[in-house]
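Under the numbering used here, the residue at position 226 of the sequence shown is numbered 1063, and the numbers go up by one with no gaps.
No lab work stands behind these hints: they were computed from the structure.
Treat the hints loosely; a few may be bogus.
Unchecked claim - Computed Cβ-Cβ distance ranges for the label pairs, DEER-style:
(1) P1089 / L973: 29 to 39 angstroms
(2) R1035 / D981: 41 to 51 angstroms
(3) P990 / E1096: 11 to 21 angstroms
(4) D933 / P1048: 54 to 64 angstroms
(5) S935 / A905: 47 to 57 angstroms
(6) F1050 / D933: 49 to 59 angstroms
(7) T929 / A894: 46 to 56 angstroms
(8) V938 / E1001: 45 to 55 angstroms
(9) V938 / R1035: 38 to 48 angstroms
Claimed, not checked - When the alpha-carbon atoms are kept at most 25 angstroms apart in a straight line, the in silico DSS-like pairs for lysine-lysine are as follows:
(10) K943 / K953
(11) K1025 / K1060
(12) K953 / K875
(13) K1121 / K1060
(14) K898 / K875
(15) K1121 / K1025
(16) K914 / K925
Note that beta-carbon positions come from the ideal geometry of N, C-alpha and C, so glycine has one too.
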Amino acid sequence: MTAQADLQRFVAEAVADISQAQDLDQLKIARLAHAGDKSPIAGQSRLLGSLPADQKASMGKIIGEARATVALAIETKTQELETLRDAKVLSTEVVDVSLPVQRGHKGGLHPLTILKNEINDFFIAQGYSVAEGPELESEWLNFDALNIAPDHPARTMQDTFFIEPRDAHLVLRTHTSPVQIRTMLENKPPIYVICPGRTFRADELDATHTPVFHQVEGLVVDKGITMAHLKGTLDLFAQKMFGDQAITRLRPSFFPFTEPSAEVDVFFNGRWIEWGGCGMVNPKVLQACGVDTETYSGFAFGM
838 MTAQADLQRF
848 VAEAVADISQ
858 AQDLDQLKIA
868 RLAHAGDKSP
878 IAGQSRLLGS
888 LPADQKASMG
898 KIIGEARATV
908 ALAIETKTQE
918 LETLRDAKVL
928 STEVVDVSLP
938 VQRGHKGGLH
948 PLTILKNEIN
958 DFFIAQGYSV
968 AEGPELESEW
978 LNFDALNIAP
988 DHPARTMQDT
998 FFIEPRDAHL
1008 VLRTHTSPVQ
1018 IRTMLENKPP
1028 IYVICPGRTF
1038 RADELDATHT
1048 PVFHQVEGLV
1058 VDKGITMAHL
1068 KGTLDLFAQK
1078 MFGDQAITRL
1088 RPSFFPFTEP
1098 SAEVDVFFNG
1108 RWIEWGGCGM
1118 VNPKVLQACG
1128 VDTETYSGFA
1138 FGM
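Start from the sequences and build out the full structure, keeping to the hints where you can.
See below:
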């Protein structure tokens, strides 16, 4: 029997075997037997090298046609079996779309986020903008620009987190006041801005202290600003946060960055609550930011 006749027989056997496969696993066995490296057709391919030169081309063409016939049979049978498999899955794994879906729990905002949003909304309605800045600040922005002297107690390692190396002069901001400085350096008056954010101090954790806490500070710089404007703003803010019956009072205090300075208390639930600090912006702070103190004045507060 000639090699060509052998190939025709191999192809016929392969097509018959492939067509009889009942599933994809049986088809895989048939594919390895008739199209793998150890198949009869592969064996004929390896014999090409021993044929006379005048027979190699014609025999190579016949082998190629045989391979193509077997490959087509495998592809056709694969599509057929995959279709049957998918139909079987669809018939046995029916999804009842009428069944009620278990709804996932809705997320909620953190209480601090809710409070921050309420504060932002109040001041935006008053014409303020909201400014934020980096939590890692230079000593100049955190202290020097705010008229805090080099020997001030706040600048010790007992109160401030200094970042190594120390000659980089970087700290975790102890208040959001550096954002006010950045705002004045980048914008000309009039300025109406609040600065909410996280702050850091080297405090022991107890009922009233934490090394990481949140602040909101406000800054106004404009012509003719007085303590009366500050008091009126704090009254409105207190009524927003504590109710229409809220009353505020100012107690004289001292801060390097305001002059005069005051502590602000709120009368709530029958007692006075210390709320924050405030005052008129110290002219030295305005001058450090390039603001003309002969024309402009301002107030600041922080809670």
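Quick rundown of the hints versus the structure:
1. P1089 / L973: 29 to 39 angstroms: 34 angstroms, holds
2. R1035 / D981: 41 to 51 angstroms: Check failed, 22 angstroms falls outside 41 to 51 angstroms.
3. P990 / E1096: 11 to 21 angstroms: 19 angstroms, holds
4. D933 / P1048: 54 to 64 angstroms: With Cβ atoms ~55 angstroms apart, the hint holds.
5. S935 / A905: 47 to 57 angstroms: 50 angstroms, holds
6. F1050 / D933: 49 to 59 angstroms: With Cβ atoms ~53 angstroms apart, the hint holds.
7. T929 / A894: 46 to 56 angstroms: 53 angstroms, holds
8. V938 / E1001: 45 to 55 angstroms: 54 angstroms, holds
9. V938 / R1035: 38 to 48 angstroms: Hint holds: Cβ distance 39 angstroms, inside 38 to 48 angstroms.
10. K943 / K953: It holds: about 21 angstroms lies between the C-alpha atoms, which stays within 25 angstroms.
11. K1025 / K1060: 12 angstroms, holds
12. K953 / K875: Roughly 74 angstroms between the alpha carbons, so the hint for K953 and K875 is violated.
13. K1121 / K1060: 17 angstroms, holds
14. K898 / K875: 20 angstroms, holds
15. K1121 / K1025: 17 angstroms, holds
16. K914 / K925: 17 angstroms, holds
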